[in-house]
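A.B. asks: Next come the chains, spelled out residue by residue.
Number of protein chains: 2
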Amino acid sequence: MKKIINNSNDVVKEMLQGMEKASPQIRYIKEHDVIVRTKKADKVAILSGGGSGHEPAHGGYVGYGMLDAAVAGNVFASPGADAVVKGIEAVDAGKGVLLIIKNYSGDIMNFQMAKELAEMDGAQVEYVVVKDDVAVPDSTYSAGRRGIAGTVFVHKLAGAKAEAGGTLAEVKAVAQKAIDNVRSMGTSMASCVLPGVGKAGFTLGEDEIEIGMGIHNEPGLERTTMKRADELAKILLDRVLEDYDYSGSEVAVMVNGLGGTPLMELYILYNEVEKILSRQGITVYRSLVGNFMTSLEMPGCSLSLLKLDSEMKELLDAPCSTLGWTQFHV
Amino acid sequence: MKKIINNSNDVVKEMLQGMEKASPQIRYIKEHDVIVRTKKADKVAILSGGGSGHEPAHGGYVGYGMLDAAVAGNVFASPGADAVVKGIEAVDAGKGVLLIIKNYSGDIMNFQMAKELAEMDGAQVEYVVVKDDVAVPDSTYSAGRRGIAGTVFVHKLAGAKAEAGGTLAEVKAVAQKAIDNVRSMGTSMASCVLPGVGKAGFTLGEDEIEIGMGIHNEPGLERTTMKRADELAKILLDRVLEDYDYSGSEVAVMVNGLGGTPLMELYILYNEVEKILSRQGITVYRSLVGNFMTSLEMPGCSLSLLKLDSEMKELLDAPCSTLGWTQFHV
Numbered sequence: 005m006k007k008i009i010n011n012s013n014d015v016v017k018e019m020l021q022g023m024e025k026a027s028p029q030i031r032y033i034k035e036h037d038v039i040v041r042t043k044k045a046d047k048v049a050i051l052s053g054g055g056s057g058h059e060p061a062h063g064g065y066v067g068y069g070m071l072d073a074a075v076a077g078n079v080f081a082s083p084g085a086d087a088v089v090k091g092i093e094a095v096d097a098g099k100g101v102l103l104i105i106k107n108y109s110g111d112i113m114n115f116q117m118a119k120e121l122a123e124m125d126g127a128q129v130e131y132v133v134v135k136d137d138v139a140v141p142d143s144t145y146s147a148g149r150r151g152i153a154g155t156v157f158v159h160k161l162a163g164a165k166a167e168a169g170g171t172l173a174e175v176k177a178v179a180q181k182a183i184d185n186v187r188s189m190g191t192s193m194a195s196c197v198l199p200g201v202g203k204a205g206f207t208l209g210e211d212e213i214e215i216g217m218g219i220h221n222e223p224g225l226e227r228t229t230m231k232r233a234d235e236l237a238k239i240l241l242d243r244v245l246e247d248y249d250y251s252g253s254e255v256a257v258m259v260n261g262l263g264g265t266p267l268m269e270l271y272i273l274y275n276e277v278e279k280i281l282s283r284q285g286i287t288v289y290r291s292l293v294g295n296f297m298t299s300l301e302m303p304g305c306s307l308s309l310l311k312l313d314s315e316m317k318e319l320l321d322a323p324c325s326t327l328g329w330t331q332f333h334v
Numbered sequence: 005m006k007k008i009i010n011n012s013n014d015v016v017k018e019m020l021q022g023m024e025k026a027s028p029q030i031r032y033i034k035e036h037d038v039i040v041r042t043k044k045a046d047k048v049a050i051l052s053g054g055g056s057g058h059e060p061a062h063g064g065y066v067g068y069g070m071l072d073a074a075v076a077g078n079v080f081a082s083p084g085a086d087a088v089v090k091g092i093e094a095v096d097a098g099k100g101v102l103l104i105i106k107n108y109s110g111d112i113m114n115f116q117m118a119k120e121l122a123e124m125d126g127a128q129v130e131y132v133v134v135k136d137d138v139a140v141p142d143s144t145y146s147a148g149r150r151g152i153a154g155t156v157f158v159h160k161l162a163g164a165k166a167e168a169g170g171t172l173a174e175v176k177a178v179a180q181k182a183i184d185n186v187r188s189m190g191t192s193m194a195s196c197v198l199p200g201v202g203k204a205g206f207t208l209g210e211d212e213i214e215i216g217m218g219i220h221n222e223p224g225l226e227r228t229t230m231k232r233a234d235e236l237a238k239i240l241l242d243r244v245l246e247d248y249d250y251s252g253s254e255v256a257v258m259v260n261g262l263g264g265t266p267l268m269e270l271y272i273l274y275n276e277v278e279k280i281l282s283r284q285g286i287t288v289y290r291s292l293v294g295n296f297m298t299s300l301e302m303p304g305c306s307l308s309l310l311k312l313d314s315e316m317k318e319l320l321d322a323p324c325s326t327l328g329w330t331q332f333h334v
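From first to last, the protein sequence lines are chains Y and Z.
Residues in the first sequence are numbered from 5 upward in steps of one, following the working numbering.
Residues in the second sequence are numbered from 5 upward in steps of one, following the working numbering.
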């Protein structure tokens, strides 16, 4: 595997250094692998994070209108509670801190522990848990559904609410509303390769794909033959629509590349997704097509659907400026 | 090769449909495979384009602050002159049209022919040719240097100048200044696979890379063994710095993924690039790290350096809102 790295032990630190250099808006706290905004914002602070290898998540979402801090673990490994505490301390402006946690056992444990530790020091901390992946009920690293790309919608909506001056309870309520209304489903055409491992986590046949694979090479729902874009759109969407009632509603759609799939294919898939939604009377209010929560160089994608109400539409459209998602309407 | 497509003959049309659906700002003229802004802007119009497979280039750069139209050919094939003429007609607001052409023989021929045809109909058309790739003096599809990712800087600067009300001569001068001051150099770890071909254009060994490869699988400068990120940064940068004098200047840097390389690796590479520049007294004013001009799912990257003066810095920082590059400073 040909990776553009120096040493597999240093990939996270060197990547975060690169991120810091790429944006005047963020600062990298090297001792704890935390990315924070350069200037502390006088508002409810939002912190997320988790294992690395999902870039731009989460460091790439730190900035105006989204996160205040992102805590990075090693590749596919949860950050320690102490690092999360440092992140909380760095961004707490006295108005409370919301932790947005993807549902993986390590993250849950360490972020919850961090909340308790920070509270002992007087911080006011709340958290929400994202479990948008409808593929499997439990997984290798999670009790309950996994948190995947739908998390980025949670960052965006909660971030906009905080930026608009929402209280901790209000920001948490928006985050929870986003979580309650988002569902995702992915597929993968090959394993990704961890820098420290150097070989694929599993093997798929020449014409084989895995439906419902996780973003850490975790098993999905089934293996099947490669499908046409229209078939794949239907397979992913069917499962999402079976799980939650989107009928007659307005939605935000994310077609998320896992890292190795060209944008051309993501747009082709989105074209099919939109056709199916349109036939079912579901209106796309906004869509995002690109690499938002990746799995290193994994070829594949996930589809996320967020049901919107008028408040959520406004928050979704609010400006934001981060490495991973910048929004500005003319 | 597992591609998320329906039929290899339809990939361009279906992709452009997906793009149109993904942005309220753009409209797809299906008959000619042209992406234009939804609302014609009352200013000098800027049109670019070329073969598909380089997404987000160029349809993804149509929008406020960048292009008015992008004309898409088949995968890695130049669009016809008639389509370019239709694009010119669609965006010409009577203040002149600038064509930004990447230096490939087919594009040069067809865009120049389109200029002549449009002028016969009374349009005022100018063009510039981007040839930023310092790898090879001539190539499979080009007489003279190839145009690659540095083109996106030309879109951005010319786009900002046009948005600010510049005349056709002024917009062209800015585009030419960007061209004169930008150099790029790439490397690839594997061939990409054209949807209509279904197999790799060439093969590299397990530990082999090609330095200076083009974005259409064209041969580069040399094949060598895989390098560390710091070595690779030096190889790419050395050639760029040998070619043009950046000493003591401020630059914009683009570390561009070719489609199959994870963002993690691009940031690690950028970290090394910035270190070398800093040691040489070259100041990074802004940087872009991501997939800006791809080669389908090719693993690899290119590095572009743009020397800036104060006008260029201002134009670079001007807001823009497109699928491929949105900029908005808080």
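Hint data in this document are derived by calculation from the structure and do not stem from the laboratory.
Among the clues, some could well be false.
No distinction is drawn between identical chains; accordingly, a pair holds when it is met within one copy or between any pair of copies.
[Said to hold, decoys possible] List of simulated lysine to any residue pairs, SDA-like, C-alpha gap at most 20 Å: (1) Lys17 to Thr287; (2) Lys231 to Gly84; (3) Lys231 to Met5; (4) Lys17 to Gly84; (5) Lys203 to Pro141; (6) Lys203 to Thr229; (7) Lys99 to Lys238; (8) Lys17 to Pro28; (9) Lys99 to Met124; (10) Lys238 to Arg283; (11) Lys238 to Met117; (12) Lys279 to Ser325; (13) Lys44 to Val140.
It should be emphasised that the depicted structure is a prediction, and the values quoted were computed from it without experimental measurement.
A.B. asks: Each hint should be assessed against the structure and marked as holding or not.
C.D. replies: Structure-based check of each hint:
1. In this assembly of identical chains, the alpha carbons of Lys17 and Thr287 never lie at most 20 Å apart, being 42 Å within a copy and 22 Å across copies at closest.
2. In the homo-oligomer, the alpha carbons of Lys231 and Gly84 never lie at most 20 Å apart, since the shortest distance is 40 Å inside one protomer and 32 Å across protomers.
3. Taking the shortest alpha-carbon separations for Lys231 and Met5, only the inter-copy value of 12 Å comes in at or below 20 Å, while the best intra-copy value is 26 Å.
4. In this assembly of identical chains, the alpha carbons of Lys17 and Gly84 lie at most 20 Å apart only when taken from the same copy (15 Å versus 47 Å across copies).
5. In the homo-oligomer, the alpha carbons of Lys203 and Pro141 never lie at most 20 Å apart, since the shortest distance is 28 Å inside one protomer and 38 Å across protomers.
6. Within a single copy, Lys203 and Thr229 get their C-alpha atoms only as close as 23 Å, which misses the 20 Å cut-off; across copies the closest is 18 Å, which meets it.
7. For a Cα distance limit of 20 Å, the shortest separation of Lys99 from Lys238 qualifies neither inside one copy, at 44 Å, nor across copies, at 46 Å.
8. For the homomeric pair Lys17 and Pro28, the shortest alpha-carbon distance inside one copy (18 Å) is at most 20 Å, but the shortest distance between copies (38 Å) is not.
9. Proximity of Lys99 and Met124 under a CA criterion of 20 Å is satisfied intra-copy only: 16 Å inside one chain copy versus 65 Å between copies.
10. In this assembly of identical chains, the alpha carbons of Lys238 and Arg283 lie at most 20 Å apart only when taken from the same copy (12 Å versus 53 Å across copies).
11. When the C-alpha separation of Lys238 and Met117 is checked against a cutoff of 20 Å, the pair qualifies neither within a copy, at 40 Å, nor between copies, at 43 Å.
12. Taking the closest pair of Cα atoms, Lys279 and Ser325 never come within 20 Å of each other, the shortest separation being 30 Å inside a single copy and 25 Å across copies.
13. In this assembly of identical chains, Lys44 and Val140 lie within 20 Å of each other by CA distance neither inside one copy nor across copies; the values are 39 Å within and 47 Å between.
Checked against the numbered hints above, the structure breaks hints 1, 2, 5, 7, 11, 12, 13 and satisfies the rest.
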